[in-house]
Every structure is written in C-alpha cells, then in structure tokens.
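Below are the chains, spelled out letter by letter.
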Amino acid sequence: MIKLDSFRNETRTWLEENCPPGMRTPMPDDERVWGGKKPVFKHPDAKTWMDRMIERGWTAPRWPREYGGGGLSLAEAEILSEEMNRLGCRPPLFSFGLGMLGPLLLDIGTATEKERYLPPITRGEIWWCQGYSEPGAGSDLAGLQTRAEDKGDHYLVNGQKVWTSYAHHADWIFCLVRTDTSVKHAGISFLLFDMESPGIEVRPIKLISGTSVFCETFFDDVRVPKDQLIGEINGGWAIAKQLLAHERSMISQLGARGGNRLPPFKDMARRYVGDGNGRIADPLLRDLIARELINDRAFESTSKRAMGAAGAAAGLASMLKYYGTEQNKRKMEVLMKCAGSAGLGWEGDEFADDDLVLCRSWLRSKGNSIEGGTSEVQLNVIAKRELGLPD
Amino acid sequence: MIEQLTQEDRKLLRDTAARFFHERSPITALRQLRDKKDAVGFDPGLWREISDMGWAGILIDENDGGVGLGSQALGVILEQSGRSLAASPFVATVLSAAPIISSAGNPEQRGNALPGVSNGVLVISLAHEESPRHAPHQISTRAAKNVDGYTINGKKTFVLDGHVADLFLLVARTAGQNEERAGISLFLIDSSLPGINIKRTTMVDSRNAAHIQFDNVQIPANSIIGKAGYGAEILDPVLDGARAGIASEMLGTAQKTFDITIEYLKTREQFGAPIGSFQALKHRAAEMFCEIELARSAVYSALQALDQKASNTAELVCVAKAKACDMIELVSNEAVQMHGGVGMTDEANIGLFLKRARVAQQLFGDVIFHRQRFADLIGI
Chain A
2 MIKLDSFRNE
12 TRTWLEENCP
22 PGMRTPMPDD
32 ERVWGGKKPV
42 FKHPDAKTWM
52 DRMIERGWTA
62 PRWPREYGGG
72 GLSLAEAEIL
82 SEEMNRLGCR
92 PPLFSFGLGM
102 LGPLLLDIGT
112 ATEKERYLPP
122 ITRGEIWWCQ
132 GYSEPGAGSD
142 LAGLQTRAED
152 KGDHYLVNGQ
162 KVWTSYAHHA
172 DWIFCLVRTD
182 TSVKHAGISF
192 LLFDMESPGI
202 EVRPIKLISG
212 TSVFCETFFD
222 DVRVPKDQLI
232 GEINGGWAIA
242 KQLLAHERSM
252 ISQLGARGGN
262 RLPPFKDMAR
272 RYVGDGNGRI
282 ADPLLRDLIA
292 RELINDRAFE
302 STSKRAMGAA
312 GAAAGLASML
322 KYYGTEQNKR
332 KMEVLMKCAG
342 SAGLGWEGDE
352 FADDDLVLCR
362 SWLRSKGNSI
372 EGGTSEVQLN
382 VIAKRELGLP
392 D
Chain B
6 MIEQLTQEDR
16 KLLRDTAARF
26 FHERSPITAL
36 RQLRDKKDAV
46 GFDPGLWREI
56 SDMGWAGILI
66 DENDGGVGLG
76 SQALGVILEQ
86 SGRSLAASPF
96 VATVLSAAPI
106 ISSAGNPEQR
116 GNALPGVSNG
126 VLVISLAHEE
136 SPRHAPHQIS
146 TRAAKNVDGY
156 TINGKKTFVL
166 DGHVADLFLL
176 VARTAGQNEE
186 RAGISLFLID
196 SSLPGINIKR
206 TTMVDSRNAA
216 HIQFDNVQIP
226 ANSIIGKAGY
236 GAEILDPVLD
246 GARAGIASEM
256 LGTAQKTFDI
266 TIEYLKTREQ
276 FGAPIGSFQA
286 LKHRAAEMFC
296 EIELARSAVY
306 SALQALDQKA
316 SNTAELVCVA
326 KAKACDMIEL
336 VSNEAVQMHG
346 GVGMTDEANI
356 GLFLKRARVA
366 QQLFGDVIFH
376 RQRFADLIGI
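Sequence lines, in order, name chains A and B.
Oh and the first sequence: position 65 is 66 in this note's numbering, straight run, nothing missing.
Oh and the second sequence: position 63 is 68 in this note's numbering, straight run, nothing missing.
Looking at chain B on its own, in the form it has when it is part of the complex (with noise of 0.2 Å):
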C-alpha cells in the first residue's frame, strides 16, 4: 500500500505544481505550439522539467527508478496541469503505457523502458483503440505466433503523442473473437520496425495522436508482456488508473474555466451593473460550482481507492470520469455562452478549454461508457 500523502504534503506538492505550471507552461505556450504547427507537439524541454521534478515517475517504483508516490500524488499533479491546459506526454506516457510495465513487465522490460520513462528521455504510447469511441476489448490487431515472435497486422487510432513514441504499447489478439476479453496480449514494441505506417492526426485541443497501421509488422518473442491471452487482466486495472488520472486533469480544466468566468461575470457590464450580478447568470455559476464539487469529491474518492487497492475500485472510477464528464461538459459550455461573443474568439482562452474538455471526455471512455460499466459492475 502506497504511504498516504498527509495534509501538509498534499499542499506542498500542489503549491509547487501549481507555480509550475503557471510559470513554465502558461496558456500561451499551447498557442505556440499550434501557431507555429510544432513538429512534436510538445515541448520537450518542459517534458524533461517535468521528469526532473520527479513526477514523470511519480507511479514508478523507486525499484525501477521512480519515485513511487501514488495514485493521489499523481491527481494533484494532474489537476494542475489540467489548469494551464499544459500538452505534454504524460497522458501517453505515464498514465497508461508505462503502468502497464510496471504491473506485468518483465525485469529486462522494465529495464529497458521504465527509468527512461521517469528521466523523460522516452515516450511511449498506449497503441489500443481502433474504433472512435472507446472499447478496450474490441482488439481486432492479430499478432500471430511464428517461429521468430510475432507477426502483427491491423489499425490503431487516437494513439496519443503516436507521431513521437519512441516505443508502443501495443494492445493486439493472439486469440479470440473481437468483443472478448480473452485472447488479448500486450507487447512492447519500438515504433521504428519496418512494415509500422504512422499517420499524425492534429487534434481539436491542439495536441496530436495518430493513426497507425501495422503491415506484417514482424516483432521479437520477448517483446511479450504477461502472459500470452491474459493482457486484459493488465490492462484493465492501468486503465481504471488512467481514467482517475484523467478525471483529475478535467477537474483542474474545470476549476480554471469557471474561475475565468466568474471574473468576467465580475467585470463585465451591461444594463450598468455587472453581468453576475444578474440571477439567471448567479443561478447557474452556483450550479457549476456543485457541479464542481460533486466531481471533485468523486475523483478524490477513486484515487484514494487506487492507492488502498480498494475492491470497489473499478466502482468508483466509473463515478469519477462520469461526473468529471458531465460536469466539463456542463462547465465549458456554460463559459463559452456566459463570455458571450468574446467566447467564440480565438483570442479569448476559454475556446481552448472547451476543446481541451471534449477530448479528455472521450479518453479512456466518455459518460455513457462509465455509466453502462458501472451497471454492470453493480449488477443492475
């Protein structure tokens, strides 16, 4: 079991990320980026300050050449990043390739990719979904067994920061129909093999996946994680701490949107009082404010689960990315509508936090994905 954070640390770790962030990653960095349509589509540079803080490793184990500090270290972080909209590949790298390592990785595996991870000298991608909406076993990729490895053959999308892994970590069937959960296996793969087709898809937030086609893609025996047939049983759990991760960066895009329009409900005029001070405006900032709360409670709840390995884990992850979904959803609109024409300038920020929301609500599965799980979880 993870040691819990105390109080004190929490808000030591927050007050740092969050000076951070401002300082090193402010909104106008982002717009850098996609003005001068970067070839990476990060910053480097920033990637390697954030693995010097520590926090690229933050879920490593100190074992392997990370720092080991959990699931609500990892969602203090996050909620910061969220609030200057930082692009990075920590989504990629560190919430959900490199904890599949960690968890099933054998010993040379993790050697290879785990301090590289955590030094910030490697980025690697999560290559898994092949449909738009999110369905972690419909796996259609086949790696069939010969007798040098693997032959791999199918289509990846929404891979994120593709264009750019140094590594994948590639999701295919080595049995199985396409919907079961058995048959899959996960694999370890460099991004450079031959027969390996990369396509950069520039994204609405202004940050990049891709699509990526594998043509008789021939990989080592090694490259196996796990078990051949069981990779779900890896997977799962990393992506329950992967949506809790991400539910965290909404909470933080959230927070960040509304505390941008609660100043300009302050400041703007019209009718010759400011705009907040009107009640068919009060209402509703006083609803997302519960909305807020109710999503921050929920994302709280799940991390705190993942780090005490709770058995209702998979529950309350599910609560959690459907509130922080509803909820961003709710937020980004209301701000756009309450910033009125300002809000559909590009020069305005708030766009950007509307875009930045309707992709993190699709990562690793939207509302209507949570809420069907968790009826089945409960078994309604």
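Pulled out of the complex, with its shape left as it was, chain A reads as follows (with noise of 0.2 Å):
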C-alpha cells in the first residue's frame, strides 16, 4: 500500500509538470492524435504530450519497458488512468495498435514479432487499421472470402474489406485471409502488410452520421511477403477471435464513455431541462437520466470488476461489448427527448455546437453495437461460452 502510494505521489506530480495546458481540455473528435508515419497534431501541444508520454512509457502503460511500454501493475495503471482523470489529461495517443494488435502480439508473438511490432505502436509511429469484415462476411465473420495463395516466397492476395476503420489513413493492416477453400473456420489466416504495397485501393463510406470513418478496401494481386504470417498457416480463426474479445473490452470502455468530443451525460441533460441549480424538474424524464446514470455506475464497477478477473474470457468481452454499446444507445435516445428540436439540427450557425455533436453522436452511437460484432452476436457467444446453451 505504502509504495502504491508513492506511485500515485510521483504519478501526480510528473502530470502535473509534464502534461501540458493545453492537453488538459474536453479533446474534439478531431484533434485526437493516431500517430502514423504522417502524423497530424492539430492541437499545438498534442505533439509535447505523446512525446512525453512515450519517453515515460505510458502510451501503453501495462507494456513490457523492453517494447517502449510502462512495465505497470494493474494496481498502478488504474492508479494512472484516475490520476489522469483527475487532471483532465488527454489521452496522448489513439491506435487500434495499442488496443487491438499490440495486446495480441504480446500474447502470441514470436520474440522477433515482438521486437519488430511492439515498440513502433507504443512510440506511435504506425497507424494500423483492421482488416476482418468482408461484404459477404458480416456476422458470418469466418465465411471470409479474401485470398492469400502461396506463390512460394511470399502471398498474393486478392478479394475486398469492408467497414476498415480509418483505412484511408492507415500505414498497416492486419487482415484476416483464406489460405484453404476446402474447409471454413480452418482454412483462415492471420497477414501484416504494408498498405502502401502496390494493388491496394480504399474508398472511405459515408455514415447516416455525416462522418467517413469507415473504409472499402480493395486487393488486387497484393504480395506480401511470407514472414509477415502471425502464427500457423490455417490458425488464424484462434487468433482472430482473441483479437476481437482485446476489441469488444476497447468498443465497450468507449461506448460508456461516450467515446467522442460529447460533454458527460449528466451535464447534456442538465443544458437541456436542468433548472438553475441543476436540478430537473420533470420527473419522468428525471427518472429516466437517474436510471441511465446508475446503470453507468454499475458499468463501471463491472468493467473493473472484469480487469481484475484472470485473462480476458470471451464471454465477459461480449458481456462489456453489450452492454457497454447498447447503454450508450440509450443514453444517446434519453439526450435526444431531452434536447427536443434542439437536438434535430444537423448544420449551421443557428444551433450550438453542443447541440449539432449531440445529433452527429446519436446517429454514430447505432454503430457501436455493429461494430466488432453485432450485439446479436455477442449474445450468441454469452450463450455459447457463459451459459453452455446447445447450438
């Protein structure tokens, strides 16, 4: 207790020296730093931010010290992230390497994979998006159709992505291949590359929300070369799933979040039908904001609850990804009553931009609980791997 102490003493006081004014603000969408070969700072101190960070290992605070990370217990990283809270800091950097790839790698990797992958994601110097869903290959994930043939000394691969986060701005992607069409879930494989490798061409998709985050990404003849195949030939079904549980913990701590520039719950619907002293008057709709602000407490405790559990078991994934997505959905409804016509603008001067974010979010937050897995699925696989209901 006495040296966890010290650590929250030395913790504050590093952040209080090291993390700039600035980065001590509610981030707008747009200035969240993702790292990249061509990395964008639109905030002027976002760039002495990571920089620090990174020095100090806490772009990935539970990471090895050998990969670039902060070698921290859980006791201390959750130390970190309420003294981060605490101080209102941003997070220094954003990457699906951080969240998705690198947890895996550091699973399963090989020492050289390691060593190769590892400490470019924590100095944020790759930008990785996901490569799994395909247009044929929704929920029916492993129905897959991309191809990777074995022309020897390197795989030629040829089909199409679709929903790849950020795609348009990514420098690497790690993609889920068929390297065997006789078989399903084990004729599938698990490839790095590098997106700037000749054949590959992205179209970024317009969402109901305005926005373009999403990705069709196309391979036509793309060779990438052999030693970039994470684990066995035809094993990548394993790997994938393991992927996607690092994925659904991420989407689930976002989606109770809020996971964009949008103020906290509590104070959007104060704006909206608080009184002067932030009381709200309605009792319906009183009642409706208590009961989502407790259900965010229960969260809460239950997502600390899971970090402390031993591994990250699919089915409490599924559990956070499920619940944490389709709370934010009603949230974002409950927000929506309250806000009125007020909430219905879609651009202009005429309204706040509180109030033009609140829109855009709402309409984002449906994707939440499609991405990563829709949340029919998530509860197929409670079902499976909690309840041991028959298929």
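Only true hints are included.
Calculated cross-link-like contacts (lysine-lysine; reagent style PhoX-like; alpha-carbon spacing at most 25 Å): (1) B:Lys314 / A:Lys305; (2) B:Lys314 / A:Lys4; (3) A:Lys305 / B:Lys16.
Chain B residues, not near chain A, derived (Cβ > 10 Å throughout): (4) Lys16; (5) Arg39; (6) Asp40; (7) Asp69; (8) Thr162; (9) Pro199; (10) Thr206; (11) Thr207; (12) Asp210; (13) Gln223; (14) Ser228; (15) Gly348; (16) Glu352; (17) Leu357.
Here chain B is said to cover these stretches of chain A; the calculated rule only asks that three of the stretch's residues, wherever they fall, bring their Cβ under 8 Å from a Cβ of chain B: (18) 267-277; (19) 374-383.
To be clear, the hints were calculated from the coordinates, so they are not data collected in a lab.
All residues carry an ideal CB built from backbone N, CA and C; glycine is no exception.
Join the two chains, each given in its own frame, into one complex according to the hints.
As structure tokens, then:
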C-alpha cells in the first residue's frame, strides 16, 4: 500500500509538471492523435504531450518496458488512469495497435515479431487498421473470401474488405485471409502488411452521421512477404477471436464514455432540462436520466471487476461489449428526448456546437452495437461460452 | 476500518455458507414451514446453528460479543442464504435492528441485546414502516414524553418476524411533522408491554411479518437510543447497510433462479431439440446473464464502500439496490415464462423464487425509491 501511495504521488507530480495545459481540456474528435507515418497534431500541445508520454512508457502503461511500455502493474495502471482523469489529461495517443494488435502480439507473438511491431506502436509511428469484415462476411465472419495464395516466397492477396476503420489514413493492416478454400474456420490465416503495397485501393464510406471513418478496401494481386504471417498457416481463426475480445473490450469502454467529444451525459441532460441549480424538475425525465446514470455506475464497477479477473474471457468481453454499447445508445436516446428540437439540427450557426455534436453522436452511436460484432453476435457468444447452451 | 477479506477468506466463507445452507436449509424446508403453517415461521434450530457459525454476530463488534467481520463478509453469507431461500430472522435482526444498537446503543442496551443476537437467542425486529411503500421518514407514530418515560401511540406495518420478536427497535416521532427527518427517535422496547397488539401477516414468500398497533404503551425513559429527535442520523446509515445486505440476498436468489432456468433450457425438449438451442431463448438468457453480472458488480461495490466508510456509500447503495430490483424482476419473470406451464405450478420451485424476489424488491425501498434517492444525492 505504501509503495502504491508513493507511486500515486510521483505520478501526480509528474503529470502536473508534464501535461501541457492545453492537453487538460475536453478533446474534440478532430484533435485526437492517431500517430502514424504522417502524424497530424491539430492542437499545438499534442505532440509535446505524446512525446513525453512515449518517453515515460505511458502510451502503453502495462506493456513491458523493453517494447516501450511502462511496465506497470494493474494497480499502478489504475492509479495512472485515475490521476489522468483527475487532472483531465487527454489520452496522448489512440490506435488499434495499442488496443488490439499489440495485446494480441504480447500474448502470442514470437520474440522477433514483438521486437519488430511493438515499439513502433508504443511510439505512435505506425497507424494500424483492421481487415476483418467483407461484403459477404459480416456476422458470419468466418465466411470471408479474401484469398492469400502461397507463391513460394510470398503470399498473393486478392479480395475485398469492408468497414475497415480509418483505412484511408492507415500505414499497415492486420488482415484475415483465406488460405484454404476447402474448409471454413480452419482455412483462415492472419497476415500483416503495408498499406502502401501496390494493388491496394481504399474508398471511404459516408455514414448516416455524415462522417467517413470506415472504408471499403480492395486488394488486387497484393504481394505480402511470408514472414508477415502471424501464428500458423490456417490457424488464423483462433487469433481472430482472441483479437476480437480485445476489440470488444476497447469498444465497450468507448461506448461507456460516450467515445466522442460530447460533454458528460449528466451535464448534457442538465443543459437541456435542468433548472438554474442543475435540478431536473420533470419527474419522468429525471427518472430516465437517473436510471442511465445508475447503469453507468454499475457498468463502471463491472469493467473494473472484469479487469481484475484472470484473463479476458471471451464471454466477459462480449458482455462488456454488448452492455456498454447498448447503454451508450440508450443514453443518446434519453439526451435526444431531453433536447427536443434543439437536438435535431444538422448544421449551421443557428444551433449550438454541442447541439450539433449531440445529433451526430446519436447517429454514430447506432454503429456501436454493430461494429466489432453485433449485439446479437455477442449474445450468441455469451449463450455458448458462459451459459453452455446447445447449438 | 474493517479488515479486508482476502480472496482466499472470501472463497472459504462462501464455500462454507454454500454447503451449510444447501444441507441445512434446502428449499423443501421452506415448503414445510409453509404447508404446516408453522407458528414461528422459521426453524429456531436453524437460527441457532446460524449463530453457532458466528454469522448472526457478523456485523457486531467483538467487544459486544460478535465477530465483527463487516459488510462484505455479510454479503457472502446472504448471497448463499438467498440461493436456498433460507427463512430466518436474519434480515429483521442482524441486518436492521442490531446495527442500530451497535452504532448508537448505550452500554446497558448493548449488553442486553447484542450478545443475545450473536448467540441466536434474541429476535429483534425493526418496527419502522407505516405505509405499504418504503418511506424512511414518514413516521407519525408518536412518542410523548412524560414523567415515567414515553407514551407510544401509532401503527406499524411490514415488521419482519414481528409476531415472534422479543424486542422491537421502534422508530417513533418525538417532535416534528410526518415527513420530517428531524424529530425521529429510536427506542429499544420489550414486545410484551401492555398496549402492544401484534397481528401476524403471512406474506407471499411464505415468511412472516406483522402489523403492530401501539395504544398508550408506556415505555421507560432509558429505552431511547441516542438523542431524542436525532434518530434519523442513526437510522439512515443502518438502512443503507440493510439495503446492500438484502441486495446481496437478491443476487443469490437471482443466480439460483437463473441456474435452474438454464438447466431447464438444456434438458426440456420441443420440436425435437432442447429449447435452449433456440435463439429466441438464448438471447434472453444472455441478457439475463449480463444484468446479473451488472447487479453483482454494483452490490460488491456497495458492500466495499460500506466497509471502507466511503463518502459516496449512499450513492453506491442506491445503485446496488436499484440494479438488484430491476435485475431480479427480469430474471424471476423470465424464469417462470421459460419454464412454460411448469413455471405456473406450485410443485416447481421457480414460483417460490418469484415470490421471494418481489418481497425483497420492496424491502428497504424498491427501484423507484432508489432512483429518486440517487437523483437527490447527486443533485439532479
């Protein structure tokens, strides 16, 4: 306990000295730092903050120090997160490398693979994207058809992915490919490759919220060196599922926090239906709001409890993903009820910025329970893994 | 601060309690109490064994004859007793009445009551509610001061195990108006005093409570606990402990209800397949699983906050009881539905779980009460 107390004090002091004032403010979506070969730092303090955190190993607090992580214990990482929240520090770096590929490679990667791929992730040098879904393989992901043919010294990849998040900005992709067409699950492999490889075309998809974070990605005779296969040939499905558990944990957390630049739920609700003292006079709206705040607290406790549990069991990751995203959608609907016509603006100066963000966030939230496996798929996973219900 | 239970301690306690309630108080025991219209409404032998295990004194300090293990340990026990629907004066005595004496009783009151609770020889019931819905400060029972002490006049309802209580922990008003927090006082009194009229109420969960009428009941001056008019200061935190405790019981009851239902889904066949293979039922079962786990986290957080005397304990208790209420309503209803016609029969146990669930939901405030209280606490 004494050791943890001194860690907390050191951390607090370090953050106070090193987190620039501009990085202690709520973060608009477009100021989020994704790193990559051509990093964009829209806020003038963002690069300083990222660099200092990289140097400290705190872009990946729990990863081993040899790969650029912080080597922190679970308890220390929780303290760091609490202290960052206390000061309102922005996360210095976002990436699917930190949230998905990295944790996977830490679990199953060879020493060579870890040395090759992990340090650029903690340093924010490579922006990774995920090539999973295909037009004909959504919930039935194992039905994917993108082929990787063994050409002796390389694989030749042909096919199409869809819903590839940020593929138009990404440097590299982790991709599920079919290496055996005679079987379903047992014919899938897990490949990493450079998005600058010849034969790749990316087209952003415009969403109902007006943004384009997802893409269609086409592969036409893309050559991939053979040492960029992770795990065994045709052994990709187990890896895919393991990575999905990391993805689901990540999305569930984004969902719970709103995952965007919308102010906290309670503040937004008060903005629309609160009186001068922040009280909500309408008893029915007040009940709806209290209900979701209670759900938020229970979800927060559940996330903490799941983190403490040994290993990220597939069923628990699915539970968090299901509940976190459905919860976020419920909260958005409550806010839309509170906002009335003020929440229905699409663009223009007649609406406050938060009003417009609410409307777009509400629309964007519809994707939370689809991306990373639909709610229905999560319920199937829970029924099978946690409850043992028969097929 | 209570010593934190280690994971190992907690597991040991849980296993011991699970075995105890499974062997000593199976659901058939509750059926027997119901069917023979047992005069006591619980098995005094079981109650004595519970106290022999040290569990009746689990919240009571060692100096007062208890074991002082705190709320998280209490939660472990109640979760297991909830699984077997064990009927005992635990909620009345251990959860609500004794903690009031523990927190504010004078040495004489402590000495008279607490060792007896720990030893399982005293049943003390909290005589608090006056209306069908939980309303902690809605007290119109009066305690009028006179030269010999106080004269009590009023009516109480839903007094758990009130028909067999040795003592009452009475909540009455010495000043102020019906809804006011100020002016409430607490008294520890003998249940056999002249002017006390007790009517047993047989409840839907096969357990018992009582309506109690006080007509000019004269009680001695030294029966007051704490300072006159400041009873709510003592009562409110104790109620929070009781709420988290009953939420723990609900967790166990819901988990067992769910386990029975999942087993049924795996074995009952229709259309040539186990009904648990149908996605319409799978998804509902998975949703129940999520709600149980969310409620579990909320309950554990509240129990931990109670032991640590955290500043946000009341909020976390509201979260726990609100989630437990919503969760068990869903689980108990779905359990009956998924059992089909069997779920409607008295022979199947599932109905007993449904019945206990509704009683537990109302105890110490239902979901509506706790949502409102939560909203008040966080200032919206």
